[in-house]
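Using our numbering, the first residue of the sequence shown is number 188, and each one after it goes up by one.
Treat the hints as calculated values from the structure; they're not laboratory data. Every value quoted in this text rests on a predicted model; they were computed, and no experiment measured them. Be careful, since some hints might not be right.
Estimated spans, in silico, between C-beta atoms of each pair [unchecked claim]:
1) 447 - 469: 17 to 27 Å
2) 410 - 333: 18 to 28 Å
3) 461 - 369: 46 to 56 Å
4) 554 - 474: 35 to 45 Å
5) 470 - 542: 51 to 61 Å
6) 447 - 529: 45 to 55 Å
In silico lysine-lysine, DSS-like type, Cα no more than 27 Å apart, as pairs [as the list claims (entries may be wrong)]:
7) 340 - 433
8) 433 - 450
9) 456 - 438
Cβ atoms here follow ideal geometry from the backbone N, Cα and C, with glycine treated the same way.
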Amino acid sequence: MNAFSKPMSRRSFARGLALGFAGAASAPSIAGAQELFGTQAEWVQRYDGDGRMRVARAVTPLLSGQTVATTERAIETYRRMASSGGWQSVPAGQTLKLGVRGPAVTALRQRLIYTGDLDQDADGSPVFDSFVESGVRRFQTRHGLNATGIVSKQTFQALNVPATERLRQLEVNLVRLRAFSGNLGQRHVTMNIPAAAIETVENGQIITHHTAGVGKIDRQSPVMQARALSVNFNPFWTVPASIIRKDLIPKMQQDANYLTENKIRIFNKAGQELQPTQVNWNSMEATNYMFRQDPGGDVNSLGFVRIDIANPHGVYMHDTPAKGIFGDDFRFVSSGCVRVQNVRDYVAWLLKEQPGWDRDRIDETIRSGQRVDVKITPSVNVYWVYVTAWASDDVVQFREDIYRRDGFGGGAVADASAAAGGARPDEDMLPPLR
């Protein structure tokens with residue numbers, strides 16, 4: 188009989204979860220947990236209260252057999268959690284942070300202990316101390332939130348999602364993960380939409396991580412399998428028809444100098460350049476023309492680099508002058524394309540097999556301001572996926588079901604972010620009004 192087949196108290200169950208799935212990098216394995224249970228040994232504290240208990244950056248690719256196996260184990264654990272009644276909710280009457288005391292902090296401690304984000308020996312005190320702050324940071328990291336250590340609205344909502352819903356989330360996403368557990372290519376890119384995150388993978392190992400900005404709820408990034416074909420340095424940006432209708436015309440109605448200030452030119456079907464004063468902005472006339480933004484990473488909506496991806500949706504990956512989005516919890520800000528943090532590192536990896544295209548050459552090309560296209564040979568497989576729950580490196584991760592594709596509600600955190608202004612009005616594909 189193993190540890191997880193024994194009748195377990197809630198505290199013992201939390202200890203097992205911490206050891207098996209939510210423990211720090213130095214925590215014992217499942218086998219270690221079984222040994223501890225068998226001898227009734229006490230859980231040894233593996234961190235102090237200065238915020239060092241963190242979720243290490245994943246080394247196992249999201250789309251891999253290892254992640255499938257770990258997620259299967261997590262599902263068994265969460266089934267036992269759900270059948271035992273799950274965790275209790277944390278009262279959300281006030282923001283919880285260092286120095287706060289009261290019953291809500293006691294409930295928070297119990298909640299964090301239950302999922303292994305806090306050592307069970309830290310139970311009991313009604314004071315929000317550095318141990319609790321460390322546990323909150325860990326919980327926030329596992330749920331895709333900025334690790335502030337402060338429990339406010341979004342963190343409360345993530346804490347209070349029931350165990351039964353987290354279990355269903357894992358089960359739904361296991362099906363998605365299994366669909367990608369085969370041979371994805373020696374070199375490939377995974378972009379997980381709900382996590383707004385990118386991995387480059389080579390020989391089964393993650394090489395680089397990149398935060399991303401992805402499609403808004405009403406302009407969703409598509410799930411797809413494609414190939415990265417070329418890198419466009421210092422690109423022009425041609426404004427899509429949908430953005431002309433939804434965004435560009437309204438902006439011009441507000442500010443007649445908008446196009447000029449943002450270096451966006453107008454061309455008719457004959458290729459002749461028009462002046463903004465030649466267009467009736469109180470009608471849909473503008474949809475008959477092409478709008479093209481000049482290169483320039485400080486203004487151009489594509490930044491300094493565009494990665495061409497063969498797909499039927501007309502989307503691609505690119506740099507952005509709006510770097511501030513990469514520090515936000517809510518990064519669903521584009522019209523379907525994907526913005527890439529540290530794009531130069533990403534491009535250097537894509538072009539690593541192209542002779543002469545090292546990082547110095549890339550930086551020099553960007554500095555030149557000249558339009559240059561480089562073919563990626565061989566092309567690289569790119570997977571845009573929708574995974575809201577998984578377990579990687581024995582850490583269970585959850586993300587908001589931003590596009591409502593898991594099939595059972597959800598979306599509270601996204602609703603809260605949008606209502607609170609989490610999606611900045613200046614983070615669309617078009618530059619903001621000045």
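Status of each hint after checking the structure:
Hint check: residue 447 to residue 469, Cβ distance near 19 Å, so the stated range 17 to 27 Å holds. Distance hint for residue 410 and residue 333: a CB-CB separation of about 26 Å, consistent with the stated range 18 to 28 Å. Between residue 461 and residue 369 the Cβ separation comes to about 51 Å, which falls inside the hinted range of 46 to 56 Å. Look at residue 554 against residue 474: about 36 Å separates their beta carbons, and that is inside 35 to 45 Å.
For residue 470 paired with residue 542, a C-beta distance near 52 Å keeps the hint of 51 to 61 Å intact. The hinted window of 45 to 55 Å between residue 447 and residue 529 is violated, with their beta carbons roughly 32 Å apart. Between residue 340 and residue 433 the alpha-carbon distance is near 31 Å, which puts this suggested pair outside the 27 Å criterion. For a cut-off of 27 Å, the pair hint linking residue 433 to residue 450 stands: about 19 Å separates their Cα positions.
Between the alpha carbons of residue 456 and residue 438 the distance comes to roughly 23 Å, so the proposed pair stays at or under 27 Å and holds.
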